[in-house]
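Trainee: Starting from the given sequences, assemble the full structure and let the hints guide the process.
Given next are the chains, with one letter for each unit.
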Amino acid sequence: GAGVSQSPRYKVAKRGQDVALRCDPISGHVSLFWYQQALGQGPEFLTYFQNEAQLDKSGLPSDRFFAERPEGSVSTLKIQRTQQEDSAVYLCASRPVWTYNEQFFGPGTRLTVL
Amino acid sequence: DAKTTQPNSMESNEEEPVHLPCNHSTISGTDYIHWYRQLPSQGPEYVIHGLTSNVNNRMASLAIAEDRKSSTLILHRATLRDAAVYYCILSGANSKLTFGKGITLSVRP
Chain E
1 GAGVSQSPRY KVAKRGQDVA LRCDPISGHV SLFWYQQALG QGPEFLTYFQ NEAQLDKSGL
61 PSDRFFAERP EGSVSTLKIQ RTQQEDSAVY LCASRPVWTY NEQFFGPGTR LTVL
Chain H
1 DAKTTQPNSM ESNEEEPVHL PCNHSTISGT DYIHWYRQLP SQGPEYVIHG LTSNVNNRMA
61 SLAIAEDRKS STLILHRATL RDAAVYYCIL SGANSKLTFG KGITLSVRP
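Taken in sequence, the protein lines are chains E and H. Heads up: the first sequence runs through residues 1 to 114, numbered per this note's numbering. Heads up: the second sequence runs through residues 1 to 109, numbered per this note's numbering.
Hints were generated in silico from the structure; no laboratory data involved. Just so you know, nobody snuck in bad clues.
Pairs of lysine to any residue, SDA-like flavour, derived with a Cα cap of 25 Å:
1) Lys101(H) with Arg110(E)
2) Lys57(E) with Pro107(E)
3) Lys69(H) with Glu44(E)
4) Lys3(H) with Gly42(E)
5) Lys101(H) with Glu44(E)
Covered by chain E, according to a simulated footprint, are these stretches of chain H (three or more residues, beta-carbon under 8 Å):
6) 45–59
7) 96–108
Keep in mind the model is a prediction, meaning the values are calculated, not measured. Glycine included, C-beta positions come from ideal geometry on N, C-alpha and C.
Mentor: Printed below as a string of structure tokens:
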């Protein structure tokens, strides 16, 4: 079946531009996570949704980062006024139920801010 | 979040077993031990997880110490496709995964 998909796969933005990154989770998966992965580092947690509710946004680095999942399915991570330090791979993961089950990751969106 | 410690890298030969160690001395009673791996230019992929007992699946085995302060991921026969960064992660009730730097596994043909 279809896995987690993310779009675009690559995004180049000029400093100061706003960007929107999309995540399509596996159908029926209740939980959705966003992670940020800098070059050479492990992924770092950004935020977590259960259905449409954002239950944890403790990892968002600043108020320029905003995530939503209005209908409990597709999620969008928005970064306003991008900075060079925002350059990273942004990973989305989904999970079927509120358990310790595995998270299924998408391929990521590589954001480069010039 | 409880922390894990892994070596930076390890090399193995193709078709030989590989043992990847992980220390987690501050693990709490409700923490699960997860292993994920990440191939180049891909998102992380779940490998295995466990709580107290050893676990086996089609990809690997997870051996957990009796005091739960360490664990070992065992790949029974390494292939070139197993070359990746392997992350040992403790995940509690808050569900998020806290990745470290992981261990880079290289497989020699």
